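Asker: This is what each chain is made of:
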Amino acid sequence: MKTPDEKLQESIEQGMFESSDLDSQAYHIVFGAAKKEPLVHLSPQFSNKVINQIIEIEEKRASQKDFIWLGLGVFVLTITALVTIFLTGFKPDSGAFKFVGNYGGLLVFAALLIGLFHWVEKKVLPRHRPI
Amino acid sequence: MTEDVALISKVLEGDMESFRQLIKQHERLVAHMVGRLVKNAEDQEEICQDVFLKVYDKLREFNARSKLSTWIATIAYRHAINHIRKKQIAISEYGEWEDFKERFIANDNLEEELAEKDLEEHVLFYIDQLPVHYRAVLTMYHVDGMSYQEIGKITAMPEGTVKNYLFRARNLLKEKLKKYLGTEELR
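For the protein sequence lines, the chains are L and R, in the order given.
The opening residue of the first sequence carries number 6 in the numbering used here; numbering runs sequentially from there.
The opening residue of the second sequence carries number 4 in the numbering used here; numbering runs sequentially from there.
Some clues are possibly wrong.
As the list claims (entries may be wrong) - One-sided and incomplete, this derived list gives chain L residues near chain R with beta-carbon spacing under 10 Å:
no., residue
1, Asp28
2, Gln30
3, Ile34
4, Ala38
5, Ala39
6, Val45
7, Gln58
8, Phe95
9, Pro97
Unchecked claim - Covered by chain L, according to a simulated footprint, are these stretches of chain R (three or more residues, beta-carbon under 8 Å):
no., region
10, 34-48
11, 65-76
12, 130-142
13, 150-161
14, 166-175
No lab work stands behind these hints: they were computed from the structure.
Remember, it's a predicted structure, so these values are computed and weren't measured experimentally.
All C-beta atoms, glycine included, are put in the ideal place defined by N, C-alpha and C.
Using the sequences provided together with the hints, build the complete structure.
Answerer: This is the structure:
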């Protein structure tokens, strides 16, 4: 059993608005207003902002992946070196190792240079142009 | 539906222009939902952005069993509801319907602010005072032209509840407006 209000709402929805009583009039206004879009002001560059954010997030993710692989590589290399040294009883005091040992500063410089290149690649060189 | 699938495939291949197109197609829908549920204007655009970030992130999980717009509206609805919860705004503590209706109609706060506005503006103001779920259902049905079934999918409410909320929302607005029209006539 439908209430008078339910019947009224149904009839207005079906476009059968004839009654002039206060309920019908009020419902008519309510139905008209309910169709109006809520006021939200998205900036004109909204889609660009979203896309730029996505690019930033993707870059961060890619960078994190790089570090994970780098870390994994260093770890595996270290373990391999340690196991090899242990198994072979290798001592780095002859041949090329002895030679390189005399240029410790050069090795430090090389490591710093590689670090600097990495920093420049990550922080200075732009990977994309913001849209 | 096939257009949706084609667009999604392009986005998944990394075509950002296609994603821009997806945003353009659905930004009004998202803005309606967020705009109706979140009152703070400063938060609205940020939440809309978060919705599309989530859409991009989860696009691979879209199974094309529903329309893309329904899926995006679901994300927007949940995002807005979560935001409201975080801000600790009451969502569904209305109590008994008759008591709530009485309280809603009797609340004359800010009525004076509306004195100069037209009747539809009054109703829009009253809509903002409605409980969150009523506002959501009303907007999806009247502004976005969604079916009860679609609204049910988005809000995870049974169709009967959707119909009931819609009826109650319109009834509350009618009673509130009637009360205003009655007092206006007496002046």
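Asker: If a hint holds in the structure, say so; if it doesn't, say that too.
Answerer: Status of each hint after checking the structure:
1. Asp28: 7 Å, holds
2. Gln30: Holds: closest Cβ of chain R sits about 8 Å from glutamine 30 of chain L, inside 10 Å.
3. Ile34: 5 Å, holds
4. Ala38: 4 Å, holds
5. Ala39: Check passed: Cβ of alanine 39 of chain L comes within 4 Å of chain R, closer than 10 Å.
6. Val45: 3 Å, holds
7. Gln58: 6 Å, holds
8. Phe95: 47 Å, violated
9. Pro97: Since the shortest Cβ distance to chain R is 47 Å, the answer is violated.
10. 34-48: holds (count 8)
11. 65-76: violated (count 0)
12. 130-142: Coverage by chain L holds here, the residue count being 3 at a Cβ distance below 8 Å.
13. 150-161: violated (count 0)
14. 166-175: n = 3 at 8 Å, threshold three: holds.
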